Amino acid sequence: MGQPVRDYLLTLCVTAAVTYLLTGPVRKFAIAIGAMPAIRARDVHREPTPRLGGIAMFGGLCAGLIVAAHLHNLDWVFQLSTEPRALLSGAALIWLIGVLDDKFEIDALIKLGGQMIAAAVMVIQGLTILWLPIPGVGTVALTQWQGTLLTVALVVITINAVNFVDGLDGLAAGMVCIASAAFFLYTYRLWYGHMIEAAAPATLFMAILMGMCLGFLPHNMHPARIFMGDSGSMLIGLVLAAGAISVTGRVDPDTMRLFAGSEREATHAMLPVFIPLLLPLTIIAVPAADLVLAIVRRTWNGQSPFAADRGHLHHRLLEIGHSHSRSVLIMYFWSALIAFGAVGYSVHSASLWIVLVIMGMSTLGLVLLLMPRFTPRAPYWAERFVPPRYRRRRGNGEGPEEEAASASGAQQEPLEGGMGRTGPESQERAPVVVGVSGVNGATAIGPRSRFSDRDRAESAR
172 MGQPVRDYLL
182 TLCVTAAVTY
192 LLTGPVRKFA
202 IAIGAMPAIR
212 ARDVHREPTP
222 RLGGIAMFGG
232 LCAGLIVAAH
242 LHNLDWVFQL
252 STEPRALLSG
262 AALIWLIGVL
272 DDKFEIDALI
282 KLGGQMIAAA
292 VMVIQGLTIL
302 WLPIPGVGTV
312 ALTQWQGTLL
322 TVALVVITIN
332 AVNFVDGLDG
342 LAAGMVCIAS
352 AAFFLYTYRL
362 WYGHMIEAAA
372 PATLFMAILM
382 GMCLGFLPHN
392 MHPARIFMGD
402 SGSMLIGLVL
412 AAGAISVTGR
422 VDPDTMRLFA
432 GSEREATHAM
442 LPVFIPLLLP
452 LTIIAVPAAD
462 LVLAIVRRTW
472 NGQSPFAADR
482 GHLHHRLLEI
492 GHSHSRSVLI
502 MYFWSALIAF
512 GAVGYSVHSA
522 SLWIVLVIMG
532 MSTLGLVLLL
542 MPRFTPRAPY
552 WAERFVPPRY
562 RRRRGNGEGP
572 EEEAASASGA
582 QQEPLEGGMG
592 RTGPESQERA
602 PVVVGVSGVN
612 GATAIGPRSR
622 FSDRDRAESA
632 R
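Its first residue numbered 172, the sequence shown is counted upward by one per residue in the numbering used here.
These are computed hints drawn from the structure, not numbers from a lab.
These figures come from a predicted structure and were not determined experimentally.
For every residue, glycine included, the Cβ atom is placed at its ideal position computed from N, Cα and C.
Where hints are given, some of them may not hold.
[What the hints assert, rightly or not] Ranges between beta-carbon positions, derived for each pair:
1) T534 <-> Q315: 40 to 48 Å
2) L500 <-> E218: 37 to 45 Å
3) E368 <-> H241: 13 to 21 Å
4) L192 <-> I491: 34 to 42 Å
5) R487 <-> W247: 43 to 51 Å
6) I281 <-> Y363: 26 to 34 Å
7) C233 <-> G536: 35 to 43 Å
8) L464 <-> A263: 25 to 33 Å
9) R177 <-> V463: 39 to 47 Å
All chains should be built: construct the whole structure from the sequences, respecting the hints.
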């Protein structure tokens, strides 16, 4: 069992390395061809940033598939299944559409049609849902048309959910990475725990998807040097959907042999059986909820469901006072809680402690969500290892950031360094609105004074 894990780890590392190394040249290419759209009203970044990060991610996908095809414990997946070829075909098509959109801003309906065609291409090559486990009924076989329609719907929903959540630096890549990690643990358990070979392609897809996201994140974390664009968000959404389709519609729950013992035991054992059906929904619960809320909000206001606005969940986190980095971490937290909670429950559904842990973590998440102006402080012995904004203030109450602002004659509030004051100075401070410097440091929508002129010059080129 150790050898397959090493093969997956090698595939993940190669995918991440290729994605990381390609992102730098892709950034220069995007700047050269002018793939740097102007700042829009709904954007939270202040400087034009190149897109087309999906080119590097697609290169990592291809590298991961090539390496896996030459590994002894993974090559049989390519020999016995057409799903890797189906994934590559659909990914290439959706990636091409995304590249065109990043450069030329194509119409939303054209993108929707391209997403449906990419899903149909995968269906033609065998990556489709064959049956569904229905509670109280069992496994229900689907007709060809039913399987095709359900597959296309799942692909389109997943792609757009990931695309909708791609609004902050590192948000989409991090959330998909968390989701794919949880999905990898589940499919790996199906394969080697229950010896279900049909789960092998999905396990490989999730390992490659983790590598794509991990390789791109260092370039995309705040402040982002490059955006993945639609070429990247639609690509990772399609790969995530492909893994969900592979394990949901092609793994027969009866092969897990859970229906043994008394009727009560069999009924209780049925709960993990339905996880393959629910897990693809839980891992995109946060972006899917954002997608549904966006459609309802825009329709209620008389707008098109495809009209862009500033009402997404990450925009609302910024409005209530969270910084850019904290908003991203909160979204990470909820994604991990939902995804890994579902996986943990599928393994030990009879354990009450799992439910208690999920409830406790949910309470902690709500507390953090309602405390946007709380800034953690590192102990004195660890201050040299953390960023200045997490260091304690000494002497006259001014930290490193306040001293730097005072020396430069700046009249603005320090970045995340002065939140938490209770004196008269804090009471006289004017309220902060979105889009103005001061929202818990204004890391996303305020000035970037802590960055060097060299970085600004590079972003302007």
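Hint by hint, here is what the structure shows:
1. T534 <-> Q315: 40 to 48 Å: Since the Cβ atoms of T534 and Q315 sit about 47 Å apart, the hinted range of 40 to 48 Å holds.
2. L500 <-> E218: 37 to 45 Å: Violated, since L500 and E218 (Cβ atoms, about 23 Å apart) do not stay within the stated range.
3. E368 <-> H241: 13 to 21 Å: With Cβ atoms ~20 Å apart, the hint holds.
4. L192 <-> I491: 34 to 42 Å: holds (39 Å)
5. R487 <-> W247: 43 to 51 Å: holds (47 Å)
6. I281 <-> Y363: 26 to 34 Å: With a Cβ separation near 43 Å, I281 and Y363 fall outside 26 to 34 Å, so the hint is violated.
7. C233 <-> G536: 35 to 43 Å: holds (37 Å)
8. L464 <-> A263: 25 to 33 Å: holds (32 Å)
9. R177 <-> V463: 39 to 47 Å: Because 41 Å falls inside the window, the suggested range holds.
Hint violations for this structure: numbers 2, 6, all remaining hints satisfied.
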